[in-house]
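Using the sequences and the hints given, assemble the complete structure.
Per the UniProt record's numbering, the very first residue in the sequence shown carries number 1; after that it's consecutive.
Source of the hints: derived by calculation from the structure; they are not laboratory data.
Since the model is a prediction, treat every value here as computed from it, not as a measurement.
Heads up, a few of these hints could be off.
[Said to hold, decoys possible] What follows is a set of in silico ranges between Cβ atoms, one per label pair, in the way DEER data are often shown:
1) R259 <-> L178: 19 to 25 Å
2) G126 <-> L228: 14 to 20 Å
3) R259 <-> T26: 22 to 28 Å
4) Q74 <-> W306: 32 to 38 Å
5) Q74 <-> V275: 26 to 32 Å
6) V275 <-> R123: 47 to 53 Å
7) R123 <-> G220: 18 to 24 Å
Every residue, glycine too, gets a C-beta built ideally from N, C-alpha and C.
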Amino acid sequence: MIPFVLRRLATGLVLLFAVTTLTFFTLQLANIPVARNILGSSATHQQIASLNAQLGLNRTPIEQYWSWVTAAVQGDFGTSYFTKEPVTDALQSRLPVTLSIVVLALVLTIVFSLILGVTAAARAGGAVDRILQAVSTISYVFPPIILGILLVLVFSITLHLVPATGYVPIGTSFIGWLGSVVLPAATLMFASIASVAGQIRGSLIDELRRDYVRTLRSRGVSERAILLKYTLRNAASPALTTLSLQFIGMIGGALFIERIFALSGFGTYSFDSAVQGDLPAILGVVTVSVILVVIMNLIVDLINGWLNPKARVS
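Right, dumping it as structure tokens:
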């Protein structure tokens, strides 16, 4: 297992280096007028040159890249050009907001997808299967933004069960934290159910047609035991892969969810940094995003390796 993990970590480090390097030099080629954006259109050439020197933008791209890399490996992503806030501090304060939403959305996705997928597979071709597939399809095509607004209207404005906006840290109050993230998480989760539940259903139906299932049935093993104890384990791998892809989509989709619920999270910070051309912030966002993807893929690989030992060898 240890060599398996080390191989995955080495692959993740290579991916991190490749993506951050490509992002850095792409931003250099874009030639973003950072000093002009900060000072405004009325700034003189002398003022722009002075600010470029102050920010280190008058150095060669290689020098800038080396300076950024040597600081980044120590956890220092520099200082925002526009807010003057250290990027590391900004990410540390905003990342918990987005991770709270995404992790809760993943948990909800797993729970509801298992219920829908297993139920549909157990009754494949029947009325329940068709109804559940219709529900999954609706969840896939229904716009999350509209859903978020509807959830706010029902649960916040009409029923007054949870706040419509704002974020409460989990360390301050668990109930307050749950109330502040449950609607954003439900909104983010809704579009993921279709893919994951459909994958579970399809994989389970394939497993139920295999020879070993017929053997289990001939031995008198109950359908419930066959479904939950044997076939679900074998069918989990494709669903986990789909779930890891949904995680990546949720990180990107968090931007729109945070806008709806007025949350100052990682998605909002990413968008604002990109619009402003804030180079240190953009690089910090890209680095953290890749790290999150690598961690998620490692977790999925470990679970797949536990479910199927052959995966560790391959």
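Results for each hint:
1. R259 <-> L178: 19 to 25 Å: Once the Cβ atoms are compared, 21 Å apart, the range 19 to 25 Å for L178 and R259 holds.
2. G126 <-> L228: 14 to 20 Å: holds, 19 Å
3. R259 <-> T26: 22 to 28 Å: The hint (22 to 28 Å, Cβ to Cβ) holds, given that R259 and T26 are roughly 26 Å apart.
4. Q74 <-> W306: 32 to 38 Å: holds, 34 Å
5. Q74 <-> V275: 26 to 32 Å: holds, 28 Å
6. V275 <-> R123: 47 to 53 Å: holds, 49 Å
7. R123 <-> G220: 18 to 24 Å: holds, 22 Å
In summary, the structure agrees with every hint in the numbered list given earlier.
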